[in-house]
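Let the hints inform the model, and build the full structure from the sequences given.
As you go down the protein sequences, you meet chains A and B in turn.
The first sequence: position 75 = 82 (the numbering used here), numbered continuously.
The second sequence: position 12 = 535 (the numbering used here), numbered continuously.
Because the hints were derived from the structure by calculation, they are not lab data.
There may be inaccurate statements among the hints.
Said to hold, decoys possible - Reference excerpt, derived from the structure (chain A facing chain B, CB under 10 Å, subset only):
#1 R16
#2 L48
#3 G49
#4 F55
#5 E63
#6 G65
#7 D66
#8 M95
#9 I101
#10 T107
#11 E108
#12 A109
#13 F111
To be verified - The list that follows gives simulated cross-link-like pairs (lysine to any residue, SDA-like), each with its CA atoms no further than 20 Å apart:
#14 K10(A) / W563(B)
#15 K577(B) / E108(A)
#16 K62(A) / P614(B)
#17 K10(A) / Q565(B)
#18 K10(A) / G564(B)
#19 K10(A) / H559(B)
#20 K64(A) / I525(B)
#21 K64(A) / H36(A)
#22 K631(B) / S598(B)
#23 K10(A) / Y571(B)
#24 K20(A) / G70(A)
#25 K62(A) / V31(A)
#26 K577(B) / T107(A)
#27 K77(A) / S14(A)
#28 K64(A) / Q526(B)
#29 K10(A) / I567(B)
#30 K64(A) / P614(B)
#31 K10(A) / N561(B)
#32 K64(A) / G524(B)
#33 K64(A) / N615(B)
#34 K64(A) / N91(A)
#35 K25(A) / T90(A)
#36 K10(A) / N568(B)
#37 K25(A) / R75(A)
#38 K77(A) / M61(A)
For glycine and all other residues, C-beta sits at the position ideal for the given N, C-alpha and C.
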Amino acid sequence: DVKVTQSSRYLVKRTGEKVFLECVQDMDHENMFWYRQDPGLGLRLIYFSYDVKMKEKGDIPEGYSVSREKKERFSLILESASTNQTSMYLCASIYGRMNTEAFFGQGTRLTVV
Amino acid sequence: GIQVEQSPPDLILQEGANSTLRCNFSDSVNNLQWFHQNPWGQLINLFYIPSGTKQNGRLSATTVATERYSLLYISSSQTTDSGVYFCAVEPNAGNMLTFGGGTRLMVKP
Chain A
8 DVKVTQSSRY LVKRTGEKVF LECVQDMDHE NMFWYRQDPG LGLRLIYFSY DVKMKEKGDI
68 PEGYSVSREK KERFSLILES ASTNQTSMYL CASIYGRMNT EAFFGQGTRL TVV
Chain B
524 GIQVEQSPPD LILQEGANST LRCNFSDSVN NLQWFHQNPW GQLINLFYIP SGTKQNGRLS
584 ATTVATERYS LLYISSSQTT DSGVYFCAVE PNAGNMLTFG GGTRLMVKP
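Following this line, the structure appears as structure tokens:
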């Protein structure tokens, strides 16, 4: 079975802190994604990566950056956390470019105070 | 970009009842998946179904790609079926999953 693991289930950070959310997948998938989920707004794509060191902006990249130094790991970085980044963050991975199934991690509920 | 609409937004059922959830999308897709989000927030894969019909126990799904919709059927619902059901599609033009707004299901004992 594919496993996508996010480093934390719950996280509380202070405004202005630099925050790292880590995601690791164990099935050699090429594509990895970060989404955030907010009530009433659904799931929105922040960034995705289709190869090591490659990244593309999603719908809401402002205030975030990403890093993919190894194929299995995709990190989401909040350079200076703000209260409006309090949200549920979900990481996903997909094997190929098209026509393949996506798998999600367990989610990280981030609170910025 | 592609639009994905799910209906109904909310659904309350008595245990044992059947239901149909619908997902409409505005453009051709390579990929369509149904997920169930559990109370802890994790998205659980239900079906990978870009076309055709699949069944898994009490759940089944049908996608009619030419008419741009998919249906998720839940039969003999149980309280553990409660949660939010999402449809997500990957447009032909790209490889990003776009989610619908979800259907929030509550099954009462």
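Right, here's what the structure says about each hint:
no.	hint	result
1	R16	holds (8 Å)
2	L48	holds (9 Å)
3	G49	holds (5 Å)
4	F55	holds (6 Å)
5	E63	holds (9 Å)
6	G65	holds (7 Å)
7	D66	holds (8 Å)
8	M95	holds (6 Å)
9	I101	holds (7 Å)
10	T107	holds (7 Å)
11	E108	holds (4 Å)
12	A109	holds (6 Å)
13	F111	holds (4 Å)
14	K10(A) / W563(B)	holds (17 Å)
15	K577(B) / E108(A)	holds (15 Å)
16	K62(A) / P614(B)	holds (19 Å)
17	K10(A) / Q565(B)	holds (12 Å)
18	K10(A) / G564(B)	holds (16 Å)
19	K10(A) / H559(B)	holds (17 Å)
20	K64(A) / I525(B)	holds (17 Å)
21	K64(A) / H36(A)	holds (19 Å)
22	K631(B) / S598(B)	holds (14 Å)
23	K10(A) / Y571(B)	holds (17 Å)
24	K20(A) / G70(A)	holds (15 Å)
25	K62(A) / V31(A)	holds (16 Å)
26	K577(B) / T107(A)	holds (16 Å)
27	K77(A) / S14(A)	holds (16 Å)
28	K64(A) / Q526(B)	holds (19 Å)
29	K10(A) / I567(B)	holds (12 Å)
30	K64(A) / P614(B)	holds (17 Å)
31	K10(A) / N561(B)	holds (17 Å)
32	K64(A) / G524(B)	holds (14 Å)
33	K64(A) / N615(B)	holds (18 Å)
34	K64(A) / N91(A)	holds (19 Å)
35	K25(A) / T90(A)	holds (13 Å)
36	K10(A) / N568(B)	holds (12 Å)
37	K25(A) / R75(A)	holds (17 Å)
38	K77(A) / M61(A)	holds (11 Å)
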